[in-house]
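A.B. asks: Sequence:
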Amino acid sequence: MFRRSTALSAGRYPIPNLDLNYAATGALSGIETFTRASSAWAFNQTGTLSQYAANTPRFDYDPATLASRGLLVEEQRTNLLLNSNTFSAWSNSGLSVTGSSGTAPSGSNDAWLLGAGVAEGRGALIVAIPADTTVYAYSIHLKAGSSAVTDIRLSFVGGSEYDARVTWATAGISVKKGTHAFSPSLQNIGGGWYRAVMGVANTSRTQVLPYIFPAGQGTSATGNVLAFGAQLEAGSFATSYIPTTSASATRAADTCSISLGAFGYDSAEGTLFAEFLRSAGTNSQQGRAASLSNGSNANLIEIYQAGAATPLGQIYSDGNVQAQFGAAGGAPDTVQRAAIAWAAGASAFCAGGTTVQADTSTVAPPVTSLRVGDRWDGARNLNGNIRRIAYYPRALETAILGRITS
2 MFRRSTALSA
12 GRYPIPNLDL
22 NYAATGALSG
32 IETFTRASSA
42 WAFNQTGTLS
52 QYAANTPRFD
62 YDPATLASRG
72 LLVEEQRTNL
82 LLNSNTFSAW
92 SNSGLSVTGS
102 SGTAPSGSND
112 AWLLGAGVAE
122 GRGALIVAIP
132 ADTTVYAYSI
142 HLKAGSSAVT
152 DIRLSFVGGS
162 EYDARVTWAT
172 AGISVKKGTH
182 AFSPSLQNIG
192 GGWYRAVMGV
202 ANTSRTQVLP
212 YIFPAGQGTS
222 ATGNVLAFGA
232 QLEAGSFATS
242 YIPTTSASAT
252 RAADTCSISL
262 GAFGYDSAEG
272 TLFAEFLRSA
282 GTNSQQGRAA
292 SLSNGSNANL
302 IEIYQAGAAT
312 PLGQIYSDGN
322 VQAQFGAAGG
332 APDTVQRAAI
342 AWAAGASAFC
352 AGGTTVQADT
362 STVAPPVTSL
372 RVGDRWDGAR
382 NLNGNIRRIA
392 YYPRALETAI
402 LGRITS
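Residue numbering for the sequence shown follows the numbering used here, beginning at 2 and increasing consecutively.
Since the hints were made in silico from the structure, they are not lab data.
Hints may contain errors.
Said to hold, decoys possible - So the derived label-pair ranges between C-beta atoms look like this:
id: 1; residue 1: 22; residue 2: 260; range: 16 to 24 Å
id: 2; residue 1: 40; residue 2: 184; range: 25 to 33 Å
id: 3; residue 1: 180; residue 2: 335; range: 24 to 32 Å
id: 4; residue 1: 179; residue 2: 133; range: 16 to 24 Å
id: 5; residue 1: 400; residue 2: 149; range: 49 to 57 Å
id: 6; residue 1: 89; residue 2: 262; range: 48 to 56 Å
Just so it is clear, CB atoms sit at the ideal spot from N, CA and C, and this is done for glycine as well.
I would like the entire structure built from these sequences, with the hints used as guidance.
C.D. replies: Here it is in structure tokens:
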């Protein structure tokens, strides 16, 4: 498959016509068209949660380790929770609320000290929602205070309550009450701060209350915790923080595209490579890392990830499936590398340096553009980070496919 007399020796690699190493450069190359019709937030190179203006790409960093994660690409989301960082505007019971109580993930003195002066002291805010079965993700940034535990809750008016508990001694989170739509998570975001996330499916109720119990619920304990930036969004995983005041706020989707005329694209053969990192909780989504198309589903060459699988690859020409590839295993928040190669009558795919899969009946589709982090219509967003995209103007040999994806 794809044997050539010019095959490279071990340890050597061909030179791509297009090489966008976003994780290394932290910048666009200049040939991309990037849009996002709103401002957005992400962690910068100092680990600070920062705001980026509309149409400005976000090059994201791990806030705990400061490692570069690459270009952040997310779908549109709305924070339904008003006064996301004004906890004095919440309905509080047995709770003291003190603003400007410490350095928040934003780097400013806008953390809130929430103190439960009585057992089950709590804060909550009611949110109107459609009467359906939508899954809602509730998240809040927390830092340990004097409490041993802190509970967060989603309570549907006229329905059930669902709790998750943060245990500060172990920096862990677990389900405390109810059947959750996905496992709660606690992300270390540096400086002693964590982002707690839980998710629950509505049961046709029209109102929901996100709660915080600084010293836990169902205990006689009192105590406090630092809090910042709460969020309630429709979706089966949490996305980047969207601040709100007296109204809900929407972050538009990130889109990044490249015309094939901007680099040397060969319509007869080639290899597409993607290195990417999907956000935790996105297992149910079919996120595109790289997608070549002519602006329709009829002609496609794609690398994507669906479910808990390793990256997948597919080729469509004139609406007909030419090749579909996949492998077992994989997880979000793990760097993935995959490459798909094609030429007249043949194609191949490799992910993570595993066995190369091949197809012997491929017709190369006519394509005109490359989408980074979604597909031609803006759907199937990666909801994660693009670390590197490369295009080689030839179908690389199977041995090289294994080496570049290892």
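A.B. asks: Hints numbered earlier in the text: which of these fail when held up against the supplied structure?
C.D. replies: none
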